[in-house]
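Enquirer: In order, the protein sequence lines correspond to chains H, R, Y and A.
Counting with numbering that gives the first Met the number 0, you get residues 0 to 149 for the letters of the first sequence.
Counting with numbering that gives the first Met the number 0, you get residues 0 to 149 for the letters of the second sequence.
Counting with numbering that gives the first Met the number 0, you get residues 0 to 393 for the letters of the third sequence.
Counting with numbering that gives the first Met the number 0, you get residues 0 to 393 for the letters of the fourth sequence.
The set of hints was computed from the structure by calculation and includes no laboratory data.
Being a predicted model, the structure only gives us computed values, none of them experimental.
Some clues are possibly wrong.
[Unchecked claim] Keeping only pairs whose Cα atoms sit at most 25 Å apart, straight-line, the calculated DSS-like set for lysine-lysine is:
#: 1; chain 1: A; residue 1: Lys-320; chain 2: H; residue 2: Lys-37
#: 2; chain 1: R; residue 1: Lys-121; chain 2: A; residue 2: Lys-221
#: 3; chain 1: A; residue 1: Lys-57; chain 2: R; residue 2: Lys-121
#: 4; chain 1: R; residue 1: Lys-37; chain 2: Y; residue 2: Lys-320
#: 5; chain 1: A; residue 1: Lys-320; chain 2: Y; residue 2: Lys-117
#: 6; chain 1: H; residue 1: Lys-121; chain 2: Y; residue 2: Lys-54
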Amino acid sequence: MFGFLLIMPKVRHYNNQKYRVNTDMYNETVMEHFSNPKNAGEMKDADAVGEMESPECGDTTKIYLKIENDIITDIKFQTLGCAAAIASTSMATDMVIGKTLTEAWELTNNEVVNALGGLPEKKIHCSLLAEDALHAAINQYRKKQGLKPW
Amino acid sequence: MFGFLLIMPKVRHYNNQKYRVNTDMYNETVMEHFSNPKNAGEMKDADAVGEMESPECGDTTKIYLKIENDIITDIKFQTLGCAAAIASTSMATDMVIGKTLTEAWELTNNEVVNALGGLPEKKIHCSLLAEDALHAAINQYRKKQGLKPW
Amino acid sequence: MTKSTPAKIIYMDHSATTPTHPDVVKEMLPYFTEHFGNPSSLYRIARESKFAVSKARKQVADVLGCTPDEIFFTAGGTESDNWAIKGTAFANKDRGNHIITTKIEHHAVLHTCEYLEKEGFEVTYLPVNEYGIVDPDVLIKSITDRTILISVMMANNEIGTIQPIKEIGEIAREKNIYFHTDAVQAIGNLEIDVHEMNIDMLSLSAHKFYGPKGTGALYIRKGINIGSFIHGGSQENGHRAGTENLPGIIGLGYAIERATQNISEHNEKISSMRDRLLDGIIETIPDVHLNGHPKQRLSNNINISVRGTDGEALLLMLDMKGVCVSTGSACSSGEESASHVLSAISVPPALARGSVRLTLGNENTKEDIDYVLDVLPPIVSRLRALSPVNNYSQ
Amino acid sequence: MTKSTPAKIIYMDHSATTPTHPDVVKEMLPYFTEHFGNPSSLYRIARESKFAVSKARKQVADVLGCTPDEIFFTAGGTESDNWAIKGTAFANKDRGNHIITTKIEHHAVLHTCEYLEKEGFEVTYLPVNEYGIVDPDVLIKSITDRTILISVMMANNEIGTIQPIKEIGEIAREKNIYFHTDAVQAIGNLEIDVHEMNIDMLSLSAHKFYGPKGTGALYIRKGINIGSFIHGGSQENGHRAGTENLPGIIGLGYAIERATQNISEHNEKISSMRDRLLDGIIETIPDVHLNGHPKQRLSNNINISVRGTDGEALLLMLDMKGVCVSTGSACSSGEESASHVLSAISVPPALARGSVRLTLGNENTKEDIDYVLDVLPPIVSRLRALSPVNNYSQ
Ligand SMILES: Cc1ncc(COP(=O)(O)O)c(C=O)c1O
Ligand SMILES: Cc1ncc(COP(=O)(O)O)c(C=O)c1O
Numbered sequence: 000m001f002g003f004l005l006i007m008p009k010v011r012h013y014n015n016q017k018y019r020v021n022t023d024m025y026n027e028t029v030m031e032h033f034s035n036p037k038n039a040g041e042m043k044d045a046d047a048v049g050e051m052e053s054p055e056c057g058d059t060t061k062i063y064l065k066i067e068n069d070i071i072t073d074i075k076f077q078t079l080g081c082a083a084a085i086a087s088t089s090m091a092t093d094m095v096i097g098k099t100l101t102e103a104w105e106l107t108n109n110e111v112v113n114a115l116g117g118l119p120e121k122k123i124h125c126s127l128l129a130e131d132a133l134h135a136a137i138n139q140y141r142k143k144q145g146l147k148p149w
Numbered sequence: 000m001f002g003f004l005l006i007m008p009k010v011r012h013y014n015n016q017k018y019r020v021n022t023d024m025y026n027e028t029v030m031e032h033f034s035n036p037k038n039a040g041e042m043k044d045a046d047a048v049g050e051m052e053s054p055e056c057g058d059t060t061k062i063y064l065k066i067e068n069d070i071i072t073d074i075k076f077q078t079l080g081c082a083a084a085i086a087s088t089s090m091a092t093d094m095v096i097g098k099t100l101t102e103a104w105e106l107t108n109n110e111v112v113n114a115l116g117g118l119p120e121k122k123i124h125c126s127l128l129a130e131d132a133l134h135a136a137i138n139q140y141r142k143k144q145g146l147k148p149w
Numbered sequence: 000m001t002k003s004t005p006a007k008i009i010y011m012d013h014s015a016t017t018p019t020h021p022d023v024v025k026e027m028l029p030y031f032t033e034h035f036g037n038p039s040s041l042y043r044i045a046r047e048s049k050f051a052v053s054k055a056r057k058q059v060a061d062v063l064g065c066t067p068d069e070i071f072f073t074a075g076g077t078e079s080d081n082w083a084i085k086g087t088a089f090a091n092k093d094r095g096n097h098i099i100t101t102k103i104e105h106h107a108v109l110h111t112c113e114y115l116e117k118e119g120f121e122v123t124y125l126p127v128n129e130y131g132i133v134d135p136d137v138l139i140k141s142i143t144d145r146t147i148l149i150s151v152m153m154a155n156n157e158i159g160t161i162q163p164i165k166e167i168g169e170i171a172r173e174k175n176i177y178f179h180t181d182a183v184q185a186i187g188n189l190e191i192d193v194h195e196m197n198i199d200m201l202s203l204s205a206h207k208f209y210g211p212k213g214t215g216a217l218y219i220r221k222g223i224n225i226g227s228f229i230h231g232g233s234q235e236n237g238h239r240a241g242t243e244n245l246p247g248i249i250g251l252g253y254a255i256e257r258a259t260q261n262i263s264e265h266n267e268k269i270s271s272m273r274d275r276l277l278d279g280i281i282e283t284i285p286d287v288h289l290n291g292h293p294k295q296r297l298s299n300n301i302n303i304s305v306r307g308t309d310g311e312a313l314l315l316m317l318d319m320k321g322v323c324v325s326t327g328s329a330c331s332s333g334e335e336s337a338s339h340v341l342s343a344i345s346v347p348p349a350l351a352r353g354s355v356r357l358t359l360g361n362e363n364t365k366e367d368i369d370y371v372l373d374v375l376p377p378i379v380s381r382l383r384a385l386s387p388v389n390n391y392s393q
Numbered sequence: 000m001t002k003s004t005p006a007k008i009i010y011m012d013h014s015a016t017t018p019t020h021p022d023v024v025k026e027m028l029p030y031f032t033e034h035f036g037n038p039s040s041l042y043r044i045a046r047e048s049k050f051a052v053s054k055a056r057k058q059v060a061d062v063l064g065c066t067p068d069e070i071f072f073t074a075g076g077t078e079s080d081n082w083a084i085k086g087t088a089f090a091n092k093d094r095g096n097h098i099i100t101t102k103i104e105h106h107a108v109l110h111t112c113e114y115l116e117k118e119g120f121e122v123t124y125l126p127v128n129e130y131g132i133v134d135p136d137v138l139i140k141s142i143t144d145r146t147i148l149i150s151v152m153m154a155n156n157e158i159g160t161i162q163p164i165k166e167i168g169e170i171a172r173e174k175n176i177y178f179h180t181d182a183v184q185a186i187g188n189l190e191i192d193v194h195e196m197n198i199d200m201l202s203l204s205a206h207k208f209y210g211p212k213g214t215g216a217l218y219i220r221k222g223i224n225i226g227s228f229i230h231g232g233s234q235e236n237g238h239r240a241g242t243e244n245l246p247g248i249i250g251l252g253y254a255i256e257r258a259t260q261n262i263s264e265h266n267e268k269i270s271s272m273r274d275r276l277l278d279g280i281i282e283t284i285p286d287v288h289l290n291g292h293p294k295q296r297l298s299n300n301i302n303i304s305v306r307g308t309d310g311e312a313l314l315l316m317l318d319m320k321g322v323c324v325s326t327g328s329a330c331s332s333g334e335e336s337a338s339h340v341l342s343a344i345s346v347p348p349a350l351a352r353g354s355v356r357l358t359l360g361n362e363n364t365k366e367d368i369d370y371v372l373d374v375l376p377p378i379v380s381r382l383r384a385l386s387p388v389n390n391y392s393q
């Protein structure tokens, strides 16, 4: 009945970036990624792993990468966190699979939030976790390769 | 439906006297005296007339007496005032008709209020008007008779 | 006579309160039992509650010409007035301690201002002219550099007088002073645009426009420096705590939409009935005086003084005939002295005591008017015959 | 999964709000459209409103063991708390400026006290033990000769802990300090006698016991020195202005009578369901911790921390299965940090984040319990499988 409100996004300024902000709760894309997350689970033989805990709410995200020729060929994640944290990590992992590490590094939480169709304002910070964990994993890989971390 | 509340009186202390105080509005006796007042009207050939205006609310009551052998044989009143003022004057006039002047003088607004089955607390003062106007009329008569006013 | 109940009730006291319209009740009902979730909760049935509140907020915003996040729901007009006045007074006391209002405000404003006087604020109560209208020049003269708030009602609840709100708003804006208006009696009767009228805060109450009792709203223009009045949970965007009166808010939203759909048509219909009633009264009853402005008044309001009678006695006798009216404001009926509004427009006490207010509403018909014109004159005659003071012009 | 709506809603969040009982709605209905008169008006239809309000006032008084003129209707528990605390604080500031409350009060009390701190009052927030219980000895030690008010809730809304109110009341009485209790969660669950318990003020809210949202009451013992909170008309014997929420008050009166008729029977029924649910959860899910006191708690309350999960995630997954629960107090769901109540009873943050509250009500059945015991364990497993932090005991 009021579904139109659920998915009504607004563009707002947040940390000097433009985000789509949902005025109320989670939209259907977010709920879909939360209840059926893509790439969820552990990866025993990962080439790189990055883990990040949010100082703000204790959300924790771990990202596992399989990398061939600088390309992310497989990705998995685990998250202890709210729906926003789970959904944005699910979306982020889905967006970087098949991408080069350079491309993956450039993915911002901004783009993830927009791909999700927006998040409630006070949940935006939860989407930083995926970006940070991904960066940690990529840098771990670079270090393993003897490269300077980005 | 809630008629029982209308006529639920309480005995309270007021100006050092016991009055029946209705917690809410007027009871049915008051409404009956208000809508069909006894002894209402002017009396052209009165033996005595007393008029009183309440300083508190501007209510005005005029009482006309017909007196034979010190007995009130007829009485009329006129009141500009609220239902409490009209009803208590109606009741008071009805209570003194046929009485001697001494007996009539002794009628208190206390007795009038109780005879009415009580008045709302903030309307008690309206009942003083009848007593005062009656006293004024009796004293006018006494003066006419060359007696000292009471 | 006392015990007989009249065949029909003719309600002519719509400024005291209105019946909740059955359609409004119907909109509210599901929110008691079915969609009862606490809007602060996160599960779906509660989100439905939240969205329903958002919809109501938009309905109010659309009527006032503001954005939904400038509307805050309250428990009624009185709370809205308290919040607006105390909330800005305390929040801005470093800027000044002077408040300007009028002598004819509702007690929700007046008693709040009197309270603030005890707390160290200074309040100017502007006089009004014989029609109950504030003079903008007098307002300008009363402004000092300590003035932080002007509160002038849009339309008076007793005599229906409409104030030059736009002009007052302009003055306030020019002087950089907050402007609050109590529009409780205005909704559904006057077209309102808070921007055009330079209104910073506006109080309204659902039960005056066929919505439920116990629900109101306060419009607060974005950027106004105002404190919370009720502290607690983070409802109403953190500005007014307390679990939302969900059915009440739904009812308010629906009622305000309903009441403002055809304001001019409504006013035409109501004022033509009102005029017929007033003309009829004046023709048939000698020495009746209209209180308030003959034209610049709410379309549904008649306030008359009937010399040689008592307002309460008139009211009770009309009630026996099934006609509901009031004497002065419903709120002050517990008081003995003449209404502060009638005093402010200099109605002599002897005349003021015989005052009644008849305020028409949607349910009233031409037959109701005829009926009142039938029963009122004999009641007046009867009371006048009972009165020892017969100095009215026959 | 997101879009599919479960066949049935199993509502287990009765501490957030309750549905208004259909019988209560039925009692309220005539007061919207038929008996709609403003209780302050003088004609008969309004007097009926007034009498109905009197009846409701007596219904509340009878439950608390006080007289009707000690009951004042408000717009809810939050307003009652605000009024009691601000009203006595400001009125008694010549006697002292110290207020004692607890760390686990509802925000309606806590944020009001924080506001008063800004206004120059000093507030002691008493600690509680691991079960959430206030120690009367600690209370005694915190009393100074500047203490004017003690406010301790009767039962906590998050963890259901019941306070030793009678003992606290005795201490307050002995020291001649006003004692307010927020009994919003207690009505219908605990037997209350304000005299026996030495309570000077008590807040309650209709929507917590199957009455309507947006109506509450404050009991104020005769003789208490307290100011008005909402200024205006002379409603509520001049102490709380604003046109009465007539249907709401009728609903509150009827609902409180209904909810308190068989408290012990109600508690027996509800607690046996609650115990079966709690035992079932603890048996089937490893590393679940009960928050609050095992016995000294409301009969309908379960508050558990499920290690390795997130409360919001649990809540949303349960919601997809049609089960409504909350994480922390409904009021503070907008906040990110762990609930202040769980912090006060020293639940470690990592555990507190996986907390949910299930509060049962009259409509819940044994089948509901079975259903929740069916759906909850796989949800926990799923979330734990998704979590990178697997340090819980299997
Ligand atoms: C002009 C005005 N302001 C404020 C109020 C108070 O509103 P409420 O009765 O909703 O508290 C009223 C009505 O009583 C009113 O007429
Ligand atoms: C203990 C407690 N106090 C106060 C309140 C506030 O009551 P209301 O929601 O009626 O404003 C609540 C409920 O939200 C509560 O649980």
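Enquirer: Does Lys-54(Y) sit within 25 Å of Lys-121(H), going by the straight-line distance between their CA atoms?
Expert: Within the cut-off at roughly 22 Å; holds.
Enquirer: Take the C-alpha atoms of Lys-320(A) and Lys-37(H), compute the straight-line distance between them, and say whether it is at most 25 Å.
Expert: Holds - the C-alpha atoms of Lys-37(H) and Lys-320(A) are around 21 Å apart, at most 25 Å.
Enquirer: Does the alpha-carbon distance linking Lys-121(R) and Lys-221(A) stay inside the 25 Å limit?
Expert: holds, 21 Å
Enquirer: Tell me if the straight-line CA distance from Lys-57(A) to Lys-121(R) falls inside 25 Å.
Expert: Holds. Lys-57(A) to Lys-121(R) sits at ~22 Å (cutoff 25 Å).
Enquirer: For a C-alpha distance cap of 25 Å, please report whether Lys-37(R) and Lys-320(Y) respect it.
Expert: holds, 21 Å
Enquirer: For Lys-320(A) and Lys-117(Y), compute the direct alpha-carbon distance and say whether it is at most 25 Å.
Expert: Not satisfied, since the Cα-Cα distance of roughly 57 Å exceeds 25 Å.
Hint 5 from the earlier list is the only one contradicted by this structure; the remaining hints agree with it.
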